[in-house]
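Participant: Position chain B against the provided structure of chain A, taking the given hints into account.
Number of protein chains: 2
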Amino acid sequence: MTAEEAAELVLPGELLGVSGFTLAGYPKTVPEALAKRGLRLKAAGEDFRVSVFSGASTGDELDGSLSRAGLIDWRMPYQSNASLRAQINEGRVRYLDVHLGMMGPMVREGVLPKPTLAIVEAVAVTPEGRVYLSSSGGNSATFLTLADRIILEINGVYGDAFIGFHDTFLPGLPPLARPIPISNPADRVGQEYVQIDPKKIIAVVHTERADSVARFTEPDEVSQTIAGHILDFIRHEQKKGRLPEGLPYQSGVGNVANAVLAAMAHDPLQGMVNLYTEVIQEAVFSLLEAGKLGVASGTALTFSPAAQEIFKHNVRSWKHRFVIRQQEVSNHAEVIRRLGVISMNTALECDIFGNVNSSHVSGTKIMNGIGGSADFARNCYLGFFMTPSTAKNGAVSSIVPLVSHVDHTEHDTQVFVTERGIADLRGKSPEEKARLIIENCAHPNFKDLLNDYLFEGLKESKEHHLPVSLKNAFDVHLKFKETGKMRES
Amino acid sequence: MTAEEAAELVLPGELLGVSGFTLAGYPKTVPEALAKRGLRLKAAGEDFRVSVFSGASTGDELDGSLSRAGLIDWRMPYQSNASLRAQINEGRVRYLDVHLGMMGPMVREGVLPKPTLAIVEAVAVTPEGRVYLSSSGGNSATFLTLADRIILEINGVYGDAFIGFHDTFLPGLPPLARPIPISNPADRVGQEYVQIDPKKIIAVVHTERADSVARFTEPDEVSQTIAGHILDFIRHEQKKGRLPEGLPYQSGVGNVANAVLAAMAHDPLQGMVNLYTEVIQEAVFSLLEAGKLGVASGTALTFSPAAQEIFKHNVRSWKHRFVIRQQEVSNHAEVIRRLGVISMNTALECDIFGNVNSSHVSGTKIMNGIGGSADFARNCYLGFFMTPSTAKNGAVSSIVPLVSHVDHTEHDTQVFVTERGIADLRGKSPEEKARLIIENCAHPNFKDLLNDYLFEGLKESKEHHLPVSLKNAFDVHLKFKETGKMRES
Chain A
1 MTAEEAAELV LPGELLGVSG FTLAGYPKTV PEALAKRGLR LKAAGEDFRV
51 SVFSGASTGD ELDGSLSRAG LIDWRMPYQS NASLRAQINE GRVRYLDVHL
101 GMMGPMVREG VLPKPTLAIV EAVAVTPEGR VYLSSSGGNS ATFLTLADRI
151 ILEINGVYGD AFIGFHDTFL PGLPPLARPI PISNPADRVG QEYVQIDPKK
201 IIAVVHTERA DSVARFTEPD EVSQTIAGHI LDFIRHEQKK GRLPEGLPYQ
251 SGVGNVANAV LAAMAHDPLQ GMVNLYTEVI QEAVFSLLEA GKLGVASGTA
301 LTFSPAAQEI FKHNVRSWKH RFVIRQQEVS NHAEVIRRLG VISMNTALEC
351 DIFGNVNSSH VSGTKIMNGI GGSADFARNC YLGFFMTPST AKNGAVSSIV
401 PLVSHVDHTE HDTQVFVTER GIADLRGKSP EEKARLIIEN CAHPNFKDLL
451 NDYLFEGLKE SKEHHLPVSL KNAFDVHLKF KETGKMRES
Chain B
1 MTAEEAAELV LPGELLGVSG FTLAGYPKTV PEALAKRGLR LKAAGEDFRV
51 SVFSGASTGD ELDGSLSRAG LIDWRMPYQS NASLRAQINE GRVRYLDVHL
101 GMMGPMVREG VLPKPTLAIV EAVAVTPEGR VYLSSSGGNS ATFLTLADRI
151 ILEINGVYGD AFIGFHDTFL PGLPPLARPI PISNPADRVG QEYVQIDPKK
201 IIAVVHTERA DSVARFTEPD EVSQTIAGHI LDFIRHEQKK GRLPEGLPYQ
251 SGVGNVANAV LAAMAHDPLQ GMVNLYTEVI QEAVFSLLEA GKLGVASGTA
301 LTFSPAAQEI FKHNVRSWKH RFVIRQQEVS NHAEVIRRLG VISMNTALEC
351 DIFGNVNSSH VSGTKIMNGI GGSADFARNC YLGFFMTPST AKNGAVSSIV
401 PLVSHVDHTE HDTQVFVTER GIADLRGKSP EEKARLIIEN CAHPNFKDLL
451 NDYLFEGLKE SKEHHLPVSL KNAFDVHLKF KETGKMRES
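Chains A and B, in that order, give the protein sequences.
Each residue of the first sequence is one higher than the one before, counting from 1 in our numbering.
Each residue of the second sequence is one higher than the one before, counting from 1 in our numbering.
I should point out that these hints are in silico values taken from the structure, not numbers from a laboratory.
Relax, there's no trap hidden among the hints.
Identical copies carry no separate label here, and so any pair may be met within one copy or between two of them.
Within a straight-line C-alpha distance of at most 25 Å, the following computed DMTMM-like cross-link-like pairs (lysine to aspartate or glutamate) qualify:
#1 447 / 431
#2 42 / 463
#3 114 / 432
#4 292 / 187
#5 471 / 448
#6 114 / 431
Keep in mind the model is a prediction, meaning the values are calculated, not measured.
Bound conformation, chain A alone (with noise of 0.2 Å):
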């Protein structure tokens, strides 16, 4: 069937399962054919909107041509794209961010509803059902699943690239569920493909479109410099016999993450490298080609153009390193707990408490969502948040009194790093954090402001356990909002 054809089986206010996890194996021709259609209807006086549910975020083809058509009514649980951003700050797309992977359990047990029709991308499919998935898992087995309408993008241009990465296991729901049986990130559970129903199937549409992936940029100073501070940490917590070796690694998406990876990959003191993660990035190729990568699990993989040709040429070699699960098992707390994840996220602001902001700028416009990085914030063995210590040219301070969105507290959160050092917070007293995390954390020019928020907040909040200054907490952020400095220069 074309696009345009299976376009015309989507009922008005329908809501769709998609396949997708940050901009790796969305459907592509199915959403642009569905955008003209809704265009269409829409010059034609038709009311025509559909809700969406993803793994997290899709491509431009989708999240992109669908909001520009003014198509989408909901949207859970992530996306990152700039016109659908734009609509959901404006209110014209209901949103809500939640946990990763507690998407698809929320779905599964009927807390949301169950999507009527699953758009999923994948690269084969058998007269049985089986159904093999693309470059990533996401909550595809759960949409497929649940649906009773199922439309399948094939994408021909990863070949049979991607049959043998998956493994498709959902732990069962209470009071049925029982452990889920990985103690080590190679561990295989469940299924190479997802078992569906073929009498679900409306139709197939045959594609020949890669993920559309920016081009990879190589880290900056101060990525490198992020990642240095990191691995020295790290090893000296083993040093200490505080961290085991060996431990499964988690990196968040972008730069930083990248330089990490790129800095083991270099270092000769580093041994053989792990990943129980989310987003497998191409930073993998850098321990790949060291001979230091054990395998990698996580949900997706999301490669530049450059990096997916390298891929396709090397995917048979390199198959037995990867695993691709579904998010709500790369995500889940048992077994990121379980494996001891050593975990890295990105935040937007850190306050001095100990509190991190990683989807509000300015505590009301969004950029992304939490996506996962709670999932592991929260039940990893060892915990970065790591950023710049200045935006926008130094205008703005990562490091502020109080965040102005909260999105992992300061009973979540272990270690931050900037650019100018590491601040270990565990076990420390709040105003113990504060110190360590203004002297080891801040930039220069926004030490005295922190400084002297904090003796405002010990005089304010005399005999009181947590030196916050209500008065003051968001000065930084209201001053930034009317003159786009968060000081006087």
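Facilitator: Coordinates of chain B only, in the frame set by chain A:
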């Protein structure tokens, strides 16, 4: 040995690992004797301080007398004692409240220092080093295993009542951790005792002192109304097929939790009830009497003096209905999620965006600590945060524009309940949540104030996702600080 002799064995500056969880099973006479010794030493001009790690809160014999004697340097992870609280707020005791389920692993992993001396209440010890704990599990197994020296307080007041109650199991640490084999609240996976090296025992002290738990008060009307809302909601969710029958309950300490269990006991529609909780309170007696208690699994049995008597008389026939675990198992993310616990915890204040403050009055003054509330809220199947809609005779609204301290983020809360009603926040966008919380949960005297704030936030954050007004966020808290009221009457 006498308590006084045992207290002489405590070294200045050392770290004590003590038994005790929510006023159950803490050592009594040795801490009192230690306090007296400390006062003598101080009078003689000597500096004598110790640090104290516990399960959770202990009685006045321990936290009260040691703090009043000025002996406590560092205290973790929870407390509820008036004298100690005052010293923490005055900055005279270093204090950090952490998730109760994470304290044991942090010590065993070496992230926190290991106690040098364990002081643990037990009911018996054998020559082979089998220690039979009393009314709580707490972190006692961890402290007894790690400390080089052990003082046991053998409490005769319980007789052998608690033998057979405990299931002592400590999960392995990464990279050697394996699944915790609990799939039912009744599952026993460890031993009835803690095995220690008997050579480490430096003192055994006999006592006959009951846990000092306050008199039980019957739930008041507000608590009963909240309990009613919760039960109605659970029935509704079960009818809708969103909540399987028979999931176990966790209930926080206090009146509302008692009221919920009492209401279940008296409800003819209610079947068997299982608890997978932290603290088992005497409200279970009403379930036992009604023949409706399946099993109660927790880490502490916190009973008032009257309840202790009832318990002692019935202990033999009730024994198979109780399991007392170490707190890292009762509060373990893995088990809570697998069992599908229905969680009920008390909030100090809730905000209209879904955040909860459990620990700090006006953002600065600590009450007790976060306790285990997040262990359960983050991993439960269905989670309630409950609070009367006002406090201080109506001068304070428990529903505020923005909480002054975040212990549970909007991502980790599901349902808010006050005596005014219930707000189911699952799957709602920020503005929907705000309208629902104001409409259903706020007290009528504060609704217009909250609606005004939301209106202001919507205006100020125009074109932004989260309608927060940073400018006015803490106005009600500042007003309260100035005038003792959140608004003019």
